[in-house]
Amino acid sequence: MEFNNDLNFYDLDRSKPPKSKHSKDVPFPEFFESKSSNGIDVIVIEDNSLPVISVRFVFKAGSYFDEGKTGLSSFVTDMLSKGTDEMTATEIAEKIDYYGATLSYGTDSDANFISIYTLEKYFDKVFNIVSSILNKPSFKEEEIERLRIQKVNSIKSMKDESDYLSNRAFKSRVYGDSPYAMPVEGLTDSVSKINRDDIYEYYVNNFTPSNLIVAFVGNISPEIAMTYIENNFGSQSTVDIAEIKNAFSFKPIVTPEVLIVNKKDAVQSSLKIGQLSVSRKEADFFPVYIMNNILGGSFTSRINYNLREKNGFTYGARSYFEFNKFAGDFSVETEVKTGITAAAISEILKELNVMRNEFVTDEELTSMKNYITGNFPLQLETPNSIASKVISLKLYDLENDFYSRYISNVNKVTKEQIKDAAV
Amino acid sequence: MKFPEIKFEQHKLSNGLKIFLNRNTKIPMVSLHTMFHVGSKDEEDGKSGLAHLFEHLMFEGSPNIKSGQFDLLLHKRGGNSNAYTSWDVTSYHMTVPSNEIEFAFWLDSDRYTGFNVSEESLDIQKDVVHEEKMTYVDNAPYGSVEDEVSKRLFFNSGYKRPVIGDMNDVKNLSLSDLEIFFNNYYRADNSVVSVSGDIDIDNTLKLLEKYYSGFNTGNMVVKSGYNELELNSEIIDTIYDKITNPGLFITYRIPKVGDKDYYVFKIISNILGDGESSELYKDLVYESQMCNEITTSVYGAEEVSILSINAICNEGISPDSVLKRIDEKLEHIFNFGLTENIYSKVLNKIETQFYKSRNLINSVADRLCYYENILKKPDMINSEINNYFNLDKETLISVAKKYLQKNKRVVLYYLPENK
Chain A
1 MEFNNDLNFY
11 DLDRSKPPKS
21 KHSKDVPFPE
31 FFESKSSNGI
41 DVIVIEDNSL
51 PVISVRFVFK
61 AGSYFDEGKT
71 GLSSFVTDML
81 SKGTDEMTAT
91 EIAEKIDYYG
101 ATLSYGTDSD
111 ANFISIYTLE
121 KYFDKVFNIV
131 SSILNKPSFK
141 EEEIERLRIQ
151 KVNSIKSMKD
161 ESDYLSNRAF
171 KSRVYGDSPY
181 AMPVEGLTDS
191 VSKINRDDIY
201 EYYVNNFTPS
211 NLIVAFVGNI
221 SPEIAMTYIE
231 NNFGSQSTVD
241 IAEIKNAFSF
251 KPIVTPEVLI
261 VNKKDAVQSS
271 LKIGQLSVSR
281 KEADFFPVYI
291 MNNILGGSFT
301 SRINYNLREK
311 NGFTYGARSY
321 FEFNKFAGDF
331 SVETEVKTGI
341 TAAAISEILK
351 ELNVMRNEFV
361 TDEELTSMKN
371 YITGNFPLQL
381 ETPNSIASKV
391 ISLKLYDLEN
401 DFYSRYISNV
411 NKVTKEQIKD
421 AAV
Chain B
1 MKFPEIKFEQ
11 HKLSNGLKIF
21 LNRNTKIPMV
31 SLHTMFHVGS
41 KDEEDGKSGL
51 AHLFEHLMFE
61 GSPNIKSGQF
71 DLLLHKRGGN
81 SNAYTSWDVT
91 SYHMTVPSNE
101 IEFAFWLDSD
111 RYTGFNVSEE
121 SLDIQKDVVH
131 EEKMTYVDNA
141 PYGSVEDEVS
151 KRLFFNSGYK
161 RPVIGDMNDV
171 KNLSLSDLEI
181 FFNNYYRADN
191 SVVSVSGDID
201 IDNTLKLLEK
211 YYSGFNTGNM
221 VVKSGYNELE
231 LNSEIIDTIY
241 DKITNPGLFI
251 TYRIPKVGDK
261 DYYVFKIISN
271 ILGDGESSEL
281 YKDLVYESQM
291 CNEITTSVYG
301 AEEVSILSIN
311 AICNEGISPD
321 SVLKRIDEKL
331 EHIFNFGLTE
341 NIYSKVLNKI
351 ETQFYKSRNL
361 INSVADRLCY
371 YENILKKPDM
381 INSEINNYFN
391 LDKETLISVA
401 KKYLQKNKRV
411 VLYYLPENK
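So the sequence lines, in the order shown, correspond to chains A and B.
Mind the numbering: the first sequence is residues 1 to 423 in our numbering, read in order.
Mind the numbering: the second sequence is residues 1 to 419 in our numbering, read in order.
Don't read these hints as lab results, they were simulated from the structure.
Taking lysine-lysine pairs in the PhoX-like style, the calculated list, with each CA pair at most 25 Å apart, reads: (1) A/389 x B/26; (2) B/26 x A/24; (3) B/206 x A/24; (4) B/171 x A/337; (5) A/369 x B/26.
Here the structure is a predicted model, which is why all the values come from computation and not from measurement.
All chains should be modelled from the sequences, with the hints used to inform the complete structure.
The following block contains the structure:
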């Protein structure tokens, strides 16, 4: 960086912005990856700056494999910590908390996640607990009933939120009869019917070594991490499962439709406008990503500018692509006062049409590339966010150099590609 | 116990503006925070929502930057920005690639050198704020809790209003109200700037002098002192909302941020509601299944803080039965103290949580500004953690007992409308 050593502020001309200095290269950090003897993908990002370790277990399954029992996948994930052959649910919670650790878990349409975050000094003890949870869950009837009551009550509460209702209506229309049409947490009816056999079967079929990615982050070496994996998970036999095939067909809607969910007394309308898109792997990622950022994916995007800054219709409007493993969707979302619903919809449709029919300006394209590449290093600030990126490579079968080529690939995108991405 | 420290430097510009610098070269980015020691609690009655609306307008034009240009210019240089308003402070932050640090100083500082917002921008941002309130308050289940709690827990200070303000007040705010607010509070002696990230200390200081010495100086309007009255009897009210499951919201007044007793309640909150083995979760969510969710939290503020216990009941459970159970639990802790096991557990949790967002450039810059503005003790970024480990079980119980009394709290039952 070169600086003018004679900074006299009386000469300061505020009317012109200072020029940019040379930017620094941002390499994607090195990480260790290997496979266990029985096929588990292991990733290690060693960082000794703080005395903590986190481990994430990701199973490539998710609610896509609910097989008509909506909410099953999520139910199974939540049941894992509710008792094992060695410990009751209360003992598990007590021990995890005693060591000051955090155990988190969740499910989305393509994966089941379980993670721990712990002080390095208690790592061995906490890892043993999570290994018991994953290897020997007991799925006791009493705990199943307990979880069912919790889930049914949460789902009922969700219906109080208008964006839950608009999202439900949108997904079920766009994704037809596929599991992506249904909410991951299930519906009150479907959750009421889940039984122990369903849970056990899902667990056996999906929580397998060949489905598993494990990422270690923090104060731990790759050698020690591999030893923990081999000792705790290495003896499970590898089930040869046929390659996962997409069993559903996805059909785009041909004529535009309007779905209305009436929520009495709501003061705002929750809007969701969009369509079927492609899977994460099929997507021409960089043009699509930049196009969406210009359209509605950032604060300065056209849709947010139009609806919020120009018209004051909303606190915020956004568009995004939700890419799943086998299909995806695109949508614009916002919340507006009920009285201006029609005006807001018309502005959104107008922006969608302009994006489809006209080229973005050179200024918009350059600016958005700078925004995306300039902010990219912020996503590499913590070893945990680096781990999320590496996991996504494995989860969606992407090329290993996806992130090391990220900045150069963003910079290559042309406005012709952007227009193609909008159609 | 010894915790790793964050190194920072403290300086003053020629106009008296306080500066904090923290060099961290992990990624080639810089985080810039400018925090003003003014928030919604400083507003006059009838002009509520002023501080927050003002924050919105700081992105809508300044002497050299036209309305609508702020974020466009910033994005083009690879940066991003945001801001927040609380009862006590208003904070603006920006993150930019380190080669754009001078640009960030230019862009951020221009808006503090003069007020230049149009009538049209004011009207649009009033609409945006109104929509913001509808999204997070009016149209959200249990969304009015903050509003309903504030006006019952406080009555003689600015803490009685939620930050976003009353929409009738907001509607009537004029450009001249905003300009007076700007002249009163947006000045060098009422703000702190901190920069964290990939910086060269000497050059950063020179650039700060170049861009930030144009702030207003002079005599600041004296803020009205904190003069809240004691709560003498328990307030219990019922609110009807568009919800399915009943809710219970209990709030107590507790000591202000930085007070040694304040940390007692961070620990109590953790013991009651953090983790699946915490006292209230275990009893109400797991064992009796009376509640679907239970959360406890401490909201720290400059003059007084709040401990909240929030519960969403399961179907068929009334909030008063949950309240009774919580009171029994508290009574038990007051009478029998805490076991060694519970106490070790909470200290282990606090130690783990301490590392969670440690060293992140945005959080370091924010905390330095906050501790300086509120406590005049920037070193709290390193020393605060000791406040937890210097307590003992007996002190904890006696302090908790003193503040968590029924006649010093507000209890709200949220019940479904038309049922």
